[in-house]
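Number of protein chains: 4
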Amino acid sequence: MIKTCIIGASGYTGAELAALVHGHDQFELAALFVSANSADAGKSLGDIHPQFFNRIELPLQPIDEANLCALAESFDLIFLATPHEASHKWMKQLCSEKSANKAVIMDLSGAFRIKDKHKFAEYYGFEHHADKLLAAAVYGLADWHQEQIKNADLIAIPGCYPTASLTALKPLQQNALIDTAHFPIINAVSGVTGAGRKAALNSSFSEVSLQAYSVLGHRHQPEIIDYLGTDVIFTPHLGNFKRGILATITVKTSANVTERQITEAYQQAYQDNPIVRFRNSWPKIDDVVGTPYCDLFWKLDNKTGYLVVTSAIDNLLKGAASQAMQCANLRFGFETHAGLVN
Amino acid sequence: MIKTCIIGASGYTGAELAALVHGHDQFELAALFVSANSADAGKSLGDIHPQFFNRIELPLQPIDEANLCALAESFDLIFLATPHEASHKWMKQLCSEKSANKAVIMDLSGAFRIKDKHKFAEYYGFEHHADKLLAAAVYGLADWHQEQIKNADLIAIPGCYPTASLTALKPLQQNALIDTAHFPIINAVSGVTGAGRKAALNSSFSEVSLQAYSVLGHRHQPEIIDYLGTDVIFTPHLGNFKRGILATITVKTSANVTERQITEAYQQAYQDNPIVRFRNSWPKIDDVVGTPYCDLFWKLDNKTGYLVVTSAIDNLLKGAASQAMQCANLRFGFETHAGLVN
Amino acid sequence: MIKTCIIGASGYTGAELAALVHGHDQFELAALFVSANSADAGKSLGDIHPQFFNRIELPLQPIDEANLCALAESFDLIFLATPHEASHKWMKQLCSEKSANKAVIMDLSGAFRIKDKHKFAEYYGFEHHADKLLAAAVYGLADWHQEQIKNADLIAIPGCYPTASLTALKPLQQNALIDTAHFPIINAVSGVTGAGRKAALNSSFSEVSLQAYSVLGHRHQPEIIDYLGTDVIFTPHLGNFKRGILATITVKTSANVTERQITEAYQQAYQDNPIVRFRNSWPKIDDVVGTPYCDLFWKLDNKTGYLVVTSAIDNLLKGAASQAMQCANLRFGFETHAGLVN
Amino acid sequence: MIKTCIIGASGYTGAELAALVHGHDQFELAALFVSANSADAGKSLGDIHPQFFNRIELPLQPIDEANLCALAESFDLIFLATPHEASHKWMKQLCSEKSANKAVIMDLSGAFRIKDKHKFAEYYGFEHHADKLLAAAVYGLADWHQEQIKNADLIAIPGCYPTASLTALKPLQQNALIDTAHFPIINAVSGVTGAGRKAALNSSFSEVSLQAYSVLGHRHQPEIIDYLGTDVIFTPHLGNFKRGILATITVKTSANVTERQITEAYQQAYQDNPIVRFRNSWPKIDDVVGTPYCDLFWKLDNKTGYLVVTSAIDNLLKGAASQAMQCANLRFGFETHAGLVN
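Residue numbers (the UniProt record's numbering), protein chains in the order written: chain A, 1 to 342; chain B, 1 to 342; chain C, 1 to 342; chain D, 1 to 342.
Derived from the structure by calculation, the hints contain no laboratory data.
Quick caveat, the model's predicted, so the values are computed rather than measured.
Glycine is no exception: its CB is placed at the ideal position from the N, C-alpha and C atoms.
Hints are not guaranteed to be accurate.
What the hints assert, rightly or not - Pulled a few chain D residues facing chain B out of the computed Cβ check, cut under 8 Å:
1) G23
2) P50
3) F53
4) N54
5) N273
6) R277
7) R279
8) P283
9) D287
10) G290
11) T291
12) K299
13) V341
14) N342
As the list claims (entries may be wrong) - List of simulated lysine-lysine pairs, DSBU-like, C-alpha gap at most 30 Å:
15) K119/C <-> K303/B
16) K150/C <-> K299/B
17) K198/D <-> K299/B
18) K303/C <-> K115/B
19) K119/B <-> K198/B
20) K150/B <-> K170/B
21) K132/A <-> K3/A
22) K303/B <-> K117/C
23) K198/A <-> K102/D
24) K43/D <-> K89/D
25) K198/D <-> K115/A
26) K119/A <-> K43/D
Claimed, not checked - Stretch by stretch, here's where chain C covers chain D in the computed footprint (C-beta under 8 Å, at least three residues):
27) 73 to 85
28) 121 to 133
Model the full structure from these sequences, guided by the hints.
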């Protein structure tokens, strides 16, 4: 059994991770931690996330920031479901080379996703000072970077929007099917859990209503561009639902691209992948909520060469916790979908 | 024109009041105020409530607590859409007998609704120190207390749940149709705007899901009991919608009460009332949202003598702003529904 | 492996059953059937319920009404997730004594729930003609009738509202804690899936809004009364959510009943029951959606003797499919929660 | 007073029209009609749309298809809120030149919106046989075609999506700010009322969840292209809300276009227009629901030349009924926003 803990288990992603680890044959959910100054410290998981009441009743222990090395020595696997700056601050201790740290780290924050450290000031609001770790971190896009993930000790789990976007776009880009002179246009709508578990006026029930936000400046745009290898325009929206992301992507295809080439590109990428599903109709958000799937459907307009692809995921699962679990499976030698699909 | 201002116009109720006054032929929306330490001070109404953008662009002026008398001298009518304690604290200045204060005050908080000042500590969390004003305040149940309202200078607008409940129960109680040995059971579900415009985890979109709260201890229970004149059990619920209240009320009727007696009691109470509607089917929340109506429908079980009545209102209108407007109409000599129904 | 089929797998309950059987170690999901004249006949489960796309891809076979005996001979266990009249019509063949029928039948319709056959005309709109089967059927209230369920061949799975209501009320009734001169008042709100998977104006998205319905005449009222053993007033409501039921129950307790007696009654009933959870706060619908739990929380008003209990379930799981699975577990010798809670 | 009737008043758009005409000083709501074989014939408006119960209690009269001329002779203004084929079929009688028909017709269906009659077979599923009327019909884009509308007798009210799209795009196109080698990409999400008031599985509450539909083939795409004068890619989505449309439009601007040029284009188009609002933040659906406004906000990415504009309307008002009322105001000599904004 892989001895596992979760730091940041009071949030929505942390709770989903707890459920996945708890339900997995090969991983042991050994401890849950929260920031020492969290109001949730000392409570049990079921107090905060009542769907787990009486089922996963581990306490949320306050983390000892001064002694994170001890954690990295005690556990085989640590999930960080923490704010970006907390991950950035704590990672040096967790990954110290001087100690006997052995834990594999899966960071679900954005602190180690993009490689250009200068972009952190612009998009994340803090200066990045962990050059070596940033260079070492592997981007955990689980359906693409499997060999690197298998050998990594620090894995930066992709953001929710990049996961939905890259799953749809990478097969096209890899096969040179995109006319990149026309940027792919990604319009995506996310459920409100994407904003995290917190009190905020703009995620108040009374205020939420479909709306674009962070237009032309969202931090997931450089992440998508980095791992796609070409420019895109990404416009996120907040939707009036709790979970899920639907990304609608419009692409100008290269000259003379056929429906068949597109289908083959997708098949080649995901032929035997149990997580990416080629649907036979346009996916709905609710088709994937509570599942680890990424559902794809597409249509090419032969007259104009424009292609529309939609991609649907559960933002907390494929967009966070279940993709992290895919990475953990890969890293520890199990099938990518173990514990996720039966 | 009745020169009118609203204190607390940044909240949902205040905004509805602004729209009603703005649209009324006989009232002039002369000024909007918010607490001086509100983050909204200085903004315009349309910035905060964009449905009024470019339409009601009055600024939200910071109120000068030290000089409330000046307000009461300058305006004919002041609506207080303020927290309970703010109303309690400010009322003495607003209603000072020593000055030339002339404004009629409509208080939409709970600070002057119940007559027993000792209940404020228990239900509202503060000690009430304004005995004289509490005694003078008229309870603005607009379909019942019309004569008192016409002559009052301080009118305490009823709570949203009491409005829905009393409209349904008072005709029965007045006609001795209730077997009061069995307490009427009021189950009501309110939209989230009832919690006010604020950041709070339990009104976050991701957290809201139908749930009972404040069971057997909600502050509207004593208010209902006071103005009904008999005990009730009142159980409020938070629903996953923005606006509206549906109250489902179960009453054991007195011996041998007939359907006809019930119908007559309701007709007698609301015969020509343009605001209370006798529906021919069970009302939905959305039938009344955005309207000043209280919709009623009922059914008597002849075998057992139990009667079920449901009562639907918009919590921000009939449960607050439009009932306040009914009171203002009555107080200044207009028809009760002027500016509300055309 | 218990060879299992589901008749009526195109509906919401049937799909949930398919998922539970598919995920259970001891049961084999061998076949899915739908009515021969269903537009869904010949499609796969994943076409209709895309959350199961690529995962449970069994075809929905048209059922041969003329030869139901063959089904009952081929399977160990048959779930009927069919309309009331279809269950009533088909049951004689499925349970024929003359053939070698061996299948245990779990009927999720209402056709065999209540014992007084005369009530079917009144509440279900058809005459009941299967006296012997009606007498033989065991009511599958899984947390209460375990011994009978273990030995039954025809099990009538309770309705969703009765499950939520009886779980809350039976411990009180069994311990004589209810002053039955005052009928318990049950107000419950159900998600729209309770109306089944079908086109209907009143379950159209544009029309749904919280509303009472079937007041004082819903078919679940006699079912609750029968299995509780005392009268109740039951008022159902349609809520603007997909899944879940919240029942708010108000009870006048017998003279001098204490909080402690109530707690003991509940503990005695459900002490080691992994499905009924005693919560420490008022349950929300979303706390139980997607789970097999029934969550309870209660409060007694010592001054008046009124008790409020709320009970939350997923209408498609504890209110249908997972309770049927509990019954199947009991009938075939497994733990009641096998395959439901890990 | 302009004597007005509405044909098709049982639908959502018809009901909104009824409310607008009823509330307008200059128009008289003289009669409501529905198809003779409608189940709603004979009911009153308030039975079907309870928000108007006791307020607009006109009966829904069955229309006499054989004698539509009589209608056109009796009324000054007829709104057709009817299916496309019904409008097409009835229009010849309503607009017959031989009779004394005097009514101005506002058709809210799509039957007279696009000028190329061959597209009706492809996009609407019927052959168009009214060439002369098609040629004569004026497209009622009320903020653009004011002179034509003032003189027209048959006005084809634009579709909901084209209204949102054209309001955002026409100022850019008119000023040659679009690099039309890159098609503008329109992604729009509509509330479920856009599908009409009817029973249908895909608009059932239990089934609705954010989803693209009619991708690359929706009938509003040719309408947008016709009145914009350049190609676009339009992808509609169904959202989980009742009312409203949010269109997110991505445009590659012509070389060297500046933020200032864009602002000037919009100001020039809508400077004193009380219906089109330039917001100072990204509009939400709920900011415009229940209002006649079209809210715009935009941002230019100087580095790449891509511009994102979002446009929000109420699909039943600015996308149908209130735009029809704007046209009626223009046609009968009133201010465009009379009866719509106070």
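For this structure, which hints from the list above don't hold up?
Numbers 5, 12, 16, 23, 25, 26, 27 and 28 - these are the hints that the structure violates, sorted from lowest upward.
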